[in-house]
Amino acid sequence: MTRYLLSRTAQALLVLLGAYTIAYLILYLLPGDPLAILLNAAGRDIDALSPAEIAEARRFYGLDGTPLERYFELLWNALHGDFGFSASKNAPVAQLILERLPQTLALGGLAVAFSIVEGVGFGYLAASVRSPVLARFLARLPAFGVSLPSFWLGLLLIHLFAFTLGWLPAAGNDGFRSLILPAFTLSLYSAAIYAQLLIRGLEAASREPFIVTAYAKGLTRGEVQFRHAFRNAALPIVTLVGLQIGNTFSGAVLIETVFTRTGVGRLAEEAVLRQDIPVVLAVVTLSAAGFVFINLLVDLLYPILDPRIDHASKG
Amino acid sequence: MSIRPPLLSVRRLSIAYRAGGSLVAAVQNVELSIGRGETLAIVGESGSGKSTIALAILGLLPANARILAGDIQVDGGSSVSMADVETLGLRGRIVGFVPQDPMVGLNPTMRIGGQIGEAVTKASGLHGRRADAETIALLEQVGVDEPALRARQYPHQLSGGMRQRVLIAIALAGNPALIIADEPTSALDSTVQKSILDHLARLAGERGVALLVITHDLGLAADRADRVLVMKDGRIVEQGPPRAILTAPAEAYTRALIAAAPALDGKGLFGVRRASRPAGGELLRFEGVSKRFPSPMTGEPSRASTALDNVGFTVHAGRTLAVVGESGSGKTTICRIALGLEKPSDGRVLFENRDISGLSWPEFRPLRRRIQLVQQDPFASLDPRFTIAECVVEPLVSFGLEKGKGLQAAASRLIDLVQLPREAASRYPRELSGGQRQRVAIARALALKPELLFLDEPVSALDVLIQSQILALLDELQRALGVAYVLVSHDLSVVTSVADHVVVIRKGRIVEQGPVAEVFGDPAHPYTRELLEATPGRRSAALVAV
Amino acid sequence: MVDDSRSELSTARLRLAAGRAALGRSLRPSLRGAERLGHLLRRPGLVLSLAILAFVFVAAAAPTLLTSYDPYLTVPADRLAPPGAEHWFGADEIGRDLFARIVHGSSLSVQASSIAVGIAFSAGLVLGVIAGFAGGWTDAAIMRFIDVLLALPSLLLSLAIITAIGFGTIPVAVAVGVGIMPGFARTTRSEVLRVKTLPYVEAARLGGASRARTLLRHILPNSCGPVIVLATLDFGVAIIAVAGLSFLGFGAAPPAAEWGTLIANGRNFLVTAPWLSLIPGLFVMAVVLAANHIARTLEDGRP
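Chains as they are written, first to last, in our numbering: chain A, 1 to 315; chain B, 1001 to 1546; chain C, 2001 to 2303.
Please keep in mind that the hints were generated in silico from the structure rather than gathered at the bench.
Mixed in with the good hints there might be a few duds.
FRET-style restraints, in silico, Cβ to Cβ [stated by the list, open to error]: (1) Ala2134(C) x Ala1063(B): 43 to 49 Å; (2) Glu270(A) x Pro2254(C): 18 to 24 Å; (3) Ala113(A) x Glu1140(B): 44 to 50 Å; (4) Arg221(A) x Glu1031(B): 47 to 53 Å; (5) Ser1079(B) x Arg136(A): 32 to 38 Å; (6) Phe293(A) x Glu1140(B): 44 to 50 Å; (7) Pro1294(B) x Arg221(A): 45 to 51 Å.
To give an idea of the chain A side of the interface with chain B (calculated C-beta under 8 Å), a few residues [claimed, not checked]: (8) Asn77; (9) Glu208; (10) Phe210; (11) Val212; (12) Ala214; (13) Tyr215; (14) Pro303; (15) Asp306.
Please read these numbers as outputs of a predicted model, since none were measured by experiment.
Quick reminder that beta carbons are idealized off the backbone N, C-alpha and C, glycines included.
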């Protein structure tokens, strides 16, 4: 088990390094002169600078030296918590992110919790309904959830609950009340996906021979559904939550923009608009780190949930 | 005759399935009753409706099934419409159920003890320690070793036979008056099957529980039941005590079933079934072949699991050698090594005195025209996107032997050879039945005119009557083409009907080999005797012979 | 071992058994063309979905067939006109017809989504087939690369690409395509792996078929089904992703407007003219629903 834990952790770190490398390659080595882009982000035009000034700017942004040297320098700095300097915000990137991270964590965390509760609750309900007509209708609803553009749903909810009904604030980040609409908006897509998977899983489980065994014991429909079908159908959702969490959090880019909240997502959006490369690299790396960590956790927890997976024997 | 009313009687039962907008009859006007302590067997092929009856009594029909008519009466009570069977609450306390496949019949994510305890609690209201004690007692009764340990384990940690015992414990937990067993052992090896059926019969006898056994195997039904009920296409064809059914079958269908079960047809299992033919020259020889697979635990070959251990035998041209063994005996590994899909760890495989065990894939390729394979599952061995004609001539195309018109002619010739209708050429595999598909697979294997054909459980996925048709076809083809067979099977009755020589294999070692009549007529090894005794129909054959 | 013919418990098998009993042992007839059409007409959802996608593709190819309004013509008098007979979907803040703008926007949105799915499909298919068929070291290397891509949330991966190559319809399409590619590679690989071990592939190899023949005639045709389903499903995903990126302002430069841009423009008038945002959004939703529905139908209909 210890061996499994260590090898799994090492794998996770390698994936993270790979993710950082790919982000670096995209941002610094794709066509387009990073120096020009960065100077532009700082509000200066490269054509207006003298060669000496360009050389100095190149040094300032860490763009002197070969791409490989730069890669290791940036990596070394990142490992020490230094993600460079944001030209557009005129502040260290690490500081910018740290300031805004709590807002995004609260939003994303609440959205993840919402999505699990909504998705699992709805899926279970849809599969428990006795009327076949109603069951078919409920089973089709999540398809709408998957097809809704989240930013548009946000606007719709603002229109309904803020402007028309006046129940909740339309924008800003002051307190829990301002979190409800954006978190719900962010949660709906994942919730719909979980509900679809659970409905399918419960349906498939209901055809499993062991369900017949359970019914033959004299158990009621509810007992069979809860004790036998649900556990088996819910296992894949654990994996899916891990995979989907990255998408839920990164959806904050759109949702923080719609609800004009100051968070990391909004920071990323502004950074892309101003082509502020160090900020984008930092946000991408941070999200990959979160994704890798959550999925490492899911992997380590899974054997506890599913007795068939036994890592001790796999070595 | 008892004056007491039967435990359970079903009258005028008709059930249909909705399939693609129309109703397809599955059970038609079936009447049956079971007395207290009686054992009734329903025998039929797949699609005969036998399982549908079991599920209807349990109130567990799938959603697309519809009960068209029928009443059920329990213990002399009032007649209730079969559609309302769920409201009777039969499940658990009155009727227990032992499902078909123990590998999938238990919840994989729940401990054994919990799954039995749940049934105990439901039936007797016991909780906590007292339910646990009852659970352990049940496990003990069904013959599970170390019951306290097993109760804490999960299904995947138990063997198939052990799981089936657990399922029997679950069925017994409610102390039912009737246990319905749907093909309770057809997924298990015959020796395990025998000990489980013996055990089930003994427990039922001790407790006075009635048994309703559903099976495709007439021999098994005749061995075990007080009364046998033969079903075909949703109707009861014939019923009566086993002896009457076997000795004086009234219906042609029953006679065909008996004829298809070599253990039952009066000649006994070991009568010489085929005229002996002159042995041809030596074709294939295994010399001290061993195969070790690297252990999945450590990956080290030194502590590997041994699949084959010093196996040697000879196949002669134009003759049939059968390899008999239970699951895990290594019989499939023999096939794979001979076909160059695996390399032996030790020993040699000689084809016409040439060592072929070390050949690379391209070096082996010319030999593929002389050694071919028919696979086990005809539902998976044909590419669903190929027409039947394309399937059978594919080897000719791969070897570039025929083109255009010649290919069409070859397809027709091969389809004729396996006695399929010509129209089949343009059909797709999904439009064919299992037996027809197996004929296609045989045609494909014969396309290159091989001298040696490996048959890997060629009929185990098919119904009994279809089995005997396919075996007859194989026999005919051998006479016509002089092709040698290596037949791999777990089923002794299949082996006796087509083989000349037999090799009995157990845990990778050959325990006995020789001519079929000798090995099975006078087995030298206790394991061979055990296998023979476990073959369903043995007891009944004695009945018939009297 | 589960013997297929002996097991009757599951519904599907019961249906199979029932069908077999009814039709006897003879060859079963195949579905005729007229029957297929009949099946189609009995599914209004499918017909509607096909109609919606047809509308969108016509709008993309020849927008003037569907609307006579010029999407760029400003009519100050019609400023923020509500939906009605004259302007079906209303008019925007400078009096441009919203229906015309949606129809003309189709071209950019459909183009971007198609390019995105095309990139993801072809790159994913190649990577997945190589990984699944070659196995061993090659497989491990490709799949580690895919794992790394999957660790980057697709929206952020898209943002990084846009930062590097700039704004516009094509960059957005490329960014979205790279973001959804890993899913294709994984699905293709797992299908190839599944089909590779099936008995009929082994039979073909034993019948002397070369590796190339096995791959092209057996493995690819039998593994492409789920990949095509995924492509249809991901057309919907791509529509939403493209709309999201243009909503953020990374798409085509004004006055050209993709669907996302229209939603973003309407934001400022959410109180006074909510339809400016809501109608384009409904339109996006309808297209995505249609793609999903067709994907599901394809999935259910596979043999």
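Practice task
May I ask which of the numbered hints given earlier this structure violates, with the numbers listed in increasing order?
Solution key: Hints 4, 8, 14 not satisfied by this model.
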